[in-house]
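Asker: Listed in order, the protein sequences are those of chains Y and R. Heads up, the first sequence is in the working numbering, so the first residue is 0 and it goes up one at a time. Heads up, the second sequence is in the working numbering, so the first residue is 961 and it goes up one at a time.
Because the hints were derived from the structure by calculation, they are not lab data. Incorrect hints may have been included.
[To be verified] Label-pair restraints from in silico Cβ distances:
#1 R:Thr1055 x Y:Leu24: 30 to 36 Å
#2 R:Ile1019 x Y:Ile114: 35 to 41 Å
#3 R:Ile1019 x Y:Gln279: 37 to 43 Å
#4 Y:Val60 x R:Lys1050: 17 to 23 Å
#5 R:Leu1237 x Y:Gly253: 50 to 56 Å
[Claimed, not checked] Here are the simulated EDC-like pairs of lysine to aspartate or glutamate, each with C-alpha atoms no more than 20 Å apart in a straight line:
#6 Y:Lys57 x R:Asp1141
#7 Y:Lys57 x R:Asp1137
#8 Y:Lys58 x R:Asp1141
#9 Y:Lys58 x R:Glu1053
#10 R:Lys1104 x R:Asp1141
#11 Y:Lys227 x R:Glu1010
#12 Y:Lys58 x R:Asp1051
#13 R:Lys1221 x R:Glu1010
#14 R:Lys1195 x R:Asp1184
#15 Y:Lys227 x R:Asp1141
#16 Y:Lys133 x R:Glu1159
#17 Y:Lys132 x R:Asp1110
#18 Y:Lys57 x R:Glu1010
#19 R:Lys1130 x R:Asp1051
#20 R:Lys1050 x Y:Glu59
#21 R:Lys1136 x Y:Glu59
#22 R:Lys1135 x Y:Glu33
#23 Y:Lys57 x R:Asp1051
#24 R:Lys1052 x Y:Asp164
#25 R:Lys1052 x Y:Asp40
#26 R:Lys1050 x R:Glu1066
#27 Y:Lys57 x R:Glu1053
#28 Y:Lys132 x R:Glu1159
#29 R:Lys1048 x R:Glu1066
#30 R:Lys1052 x Y:Glu94
#31 R:Lys1130 x Y:Glu59
#32 R:Lys1195 x R:Asp1230
#33 R:Lys1052 x Y:Glu59
#34 R:Lys1135 x R:Asp1051
#35 Y:Lys132 x R:Glu1066
#36 R:Lys1135 x R:Glu1053
#37 R:Lys1130 x R:Glu1215
#38 Y:Lys133 x R:Glu1053
#39 R:Lys1050 x Y:Asp255
#40 R:Lys1134 x Y:Glu45
For every residue, glycine included, the Cβ atom is placed at its ideal position computed from N, Cα and C.
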Amino acid sequence: MTNWREKFIELLLIGAASASILIVLLIFLFLAKEAFPFVLDPGIKELLGSQWIPVSFKKEVFGILPLITGSLLVTALATIIMIPFGVLGAVYIAEIAIGRERAFLKPFIEIMAGIPSVVIGFFGLIILSPVLKKIFQLNTGLTALSGAILLALMAIPTVISISEDAIRSVPKSYKEASLALGASRLQTIFKVVVPAALPGIIAAVMLGIGRVVGETMVVLMVTGNAAKITFNPFESVRTMTATIAAEMGEVAFGSDHYQALFWVGIVLLSVTFGLNFIAQKVLTRYRMG
Amino acid sequence: MKKYGKLIITSTIAGLLLIGCGRKTKSAEATFLTIKGSDTMVHLASNWAEAYMDAHPGIDISITGGGSGTGIAALLNGTTDICIASRKIKDKELTLAAEKGLQPNEIATARDGIAVVVHPANSLTTLSIEQIGKIYTGAYTNWKQLGGADQRIIVLSRESSSGTYVFFQKRVMKKKDYTRDAMLMPSTSAIIQSVSQDEGAIGYVGLAYASEAGNRIKVLIVKDGDKPAIKPSIKAVQAGDYAIARPLYFYTNGEPSGIVKQFIDYVLSDEGQNIVLETGYVPIN
């Protein structure tokens, strides 16, 4: 009887632990199932086009390239902004800040991570984009850059928290050796500690990028959503996430448009899955080393 | 073992209760009504619903937006009693409905004018439908080409899930595609926000929203062919003079009955049509 009970509880725990794996698998399967008919009818080549015109009286076109370049541009810009803030912030909190400063800074950074994206998007729409428009003399403030700045803001807490962990877990002996050899504090930080923590920092940035790629509400609100291929930060772009969010509600069930949106979903999920996978790999290797 | 026995009994009872609840909501149709669809109509529909609920306590009406397409999809999936739509149901959707054995029933409940709006500093006051169409298809890209200032035109549109998007494409753009530079805004208020900030912007919004925005934007006078240019107003829409106007619909599955019918009767009554006027739309008669 006890044995039976033990077994049952064990099974329950295994079930709970592996549920998320199962769910991810099921999501992939579901996406693939809904997206697949597109391969047969309009053909997969349709997806590689450079125009996304899902509603048309003439011919609907489902080229996802502009959506991919849109996501790429916003993500790249956000990464460029988030790395210096995230990494330097982590260095400061882990190495330089005294106890009281840290006790003050940490909770605030964590609060930032918890701000709902709609609120950040609203801030972007009303405050940030008019300011950017003024500073850069633009025609409109709804650009890839506005989206990137807000996304960086959302990803920075993730980058700081994980980078800080990495920096803190650099063995004390490294630092002591460096200081004993006569290196200054700054030299120690940037020549010894940060390089030693680099794999962890890279993983942190990867996870931050994962967050940026998947974020929807902010980009929907502030990037203007024009589906065109551009690499100009001051142009409007349409990201994959915003496209799914804006169009999925309307689309006729089972239509070409519906299937094309599922393809966008597959691309998106693959990218975030890949990023997280690489980040995990980097993290485990570094923890073992 | 006893414990598990108890657990099984409890969960069975809980399950039965849940099933009971499910039944109850179904038969409670008589007091609960869901409305879903066009963002253009959400404001109007909630005004109707509030007035109706005041007069009929005990009846609850829930309203959600999302776009005409979303509403029609909900009607086809059976998740809403009434779909509000700012465009006619498409042939594709009718085919889908027929496959599911549904018969969408169309009721025109009000009319709406679409105002074309620009930044207050824009020097132009009048454009023809053809010119507006050419701006939206991308044939014109600078206000200079239309006799305005030397400034790039920022083309603002609603998202493609919006009934207004499709209506505008049909009525103004002669069914041509939107320019790739068109920025698709998630809501009418986002269009107004942008138009009020960007000197080169042009957008389209429902008449009610345009009058609410006041001086923050400028409403263009629209010329249709050889007819005199008309400034959009409730009167002009009612008289049929203003060119960019459309009916707003209710869709139900089959002939409405019970509470759905009572609500629709109210909407079409003088009192209901008065609310249309108060909300800034145009009565159907």
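Asker: Decide, hint by hint, whether the structure agrees.
Answerer: Checked hints:
{"no.": "1", "hint": "R:Thr1055 x Y:Leu24: 30 to 36 Å", "verdict": "holds (34 Å)"}
{"no.": "2", "hint": "R:Ile1019 x Y:Ile114: 35 to 41 Å", "verdict": "holds (39 Å)"}
{"no.": "3", "hint": "R:Ile1019 x Y:Gln279: 37 to 43 Å", "verdict": "violated (54 Å)"}
{"no.": "4", "hint": "Y:Val60 x R:Lys1050: 17 to 23 Å", "verdict": "holds (18 Å)"}
{"no.": "5", "hint": "R:Leu1237 x Y:Gly253: 50 to 56 Å", "verdict": "violated (41 Å)"}
{"no.": "6", "hint": "Y:Lys57 x R:Asp1141", "verdict": "holds (18 Å)"}
{"no.": "7", "hint": "Y:Lys57 x R:Asp1137", "verdict": "holds (8 Å)"}
{"no.": "8", "hint": "Y:Lys58 x R:Asp1141", "verdict": "holds (18 Å)"}
{"no.": "9", "hint": "Y:Lys58 x R:Glu1053", "verdict": "holds (18 Å)"}
{"no.": "10", "hint": "R:Lys1104 x R:Asp1141", "verdict": "holds (18 Å)"}
{"no.": "11", "hint": "Y:Lys227 x R:Glu1010", "verdict": "violated (43 Å)"}
{"no.": "12", "hint": "Y:Lys58 x R:Asp1051", "verdict": "holds (16 Å)"}
{"no.": "13", "hint": "R:Lys1221 x R:Glu1010", "verdict": "holds (17 Å)"}
{"no.": "14", "hint": "R:Lys1195 x R:Asp1184", "verdict": "holds (17 Å)"}
{"no.": "15", "hint": "Y:Lys227 x R:Asp1141", "verdict": "holds (7 Å)"}
{"no.": "16", "hint": "Y:Lys133 x R:Glu1159", "verdict": "holds (12 Å)"}
{"no.": "17", "hint": "Y:Lys132 x R:Asp1110", "verdict": "holds (18 Å)"}
{"no.": "18", "hint": "Y:Lys57 x R:Glu1010", "verdict": "violated (42 Å)"}
{"no.": "19", "hint": "R:Lys1130 x R:Asp1051", "verdict": "holds (15 Å)"}
{"no.": "20", "hint": "R:Lys1050 x Y:Glu59", "verdict": "holds (15 Å)"}
{"no.": "21", "hint": "R:Lys1136 x Y:Glu59", "verdict": "holds (11 Å)"}
{"no.": "22", "hint": "R:Lys1135 x Y:Glu33", "verdict": "violated (30 Å)"}
{"no.": "23", "hint": "Y:Lys57 x R:Asp1051", "verdict": "holds (15 Å)"}
{"no.": "24", "hint": "R:Lys1052 x Y:Asp164", "verdict": "violated (55 Å)"}
{"no.": "25", "hint": "R:Lys1052 x Y:Asp40", "verdict": "holds (17 Å)"}
{"no.": "26", "hint": "R:Lys1050 x R:Glu1066", "verdict": "holds (12 Å)"}
{"no.": "27", "hint": "Y:Lys57 x R:Glu1053", "verdict": "holds (18 Å)"}
{"no.": "28", "hint": "Y:Lys132 x R:Glu1159", "verdict": "holds (11 Å)"}
{"no.": "29", "hint": "R:Lys1048 x R:Glu1066", "verdict": "holds (8 Å)"}
{"no.": "30", "hint": "R:Lys1052 x Y:Glu94", "verdict": "violated (63 Å)"}
{"no.": "31", "hint": "R:Lys1130 x Y:Glu59", "verdict": "holds (15 Å)"}
{"no.": "32", "hint": "R:Lys1195 x R:Asp1230", "verdict": "holds (17 Å)"}
{"no.": "33", "hint": "R:Lys1052 x Y:Glu59", "verdict": "holds (14 Å)"}
{"no.": "34", "hint": "R:Lys1135 x R:Asp1051", "verdict": "holds (16 Å)"}
{"no.": "35", "hint": "Y:Lys132 x R:Glu1066", "verdict": "violated (45 Å)"}
{"no.": "36", "hint": "R:Lys1135 x R:Glu1053", "verdict": "holds (19 Å)"}
{"no.": "37", "hint": "R:Lys1130 x R:Glu1215", "verdict": "violated (29 Å)"}
{"no.": "38", "hint": "Y:Lys133 x R:Glu1053", "verdict": "violated (45 Å)"}
{"no.": "39", "hint": "R:Lys1050 x Y:Asp255", "verdict": "holds (16 Å)"}
{"no.": "40", "hint": "R:Lys1134 x Y:Glu45", "verdict": "violated (25 Å)"}
Violated hints, in rising order: 3, 5, 11, 18, 22, 24, 30, 35, 37, 38 and 40; the structure is consistent with all others.
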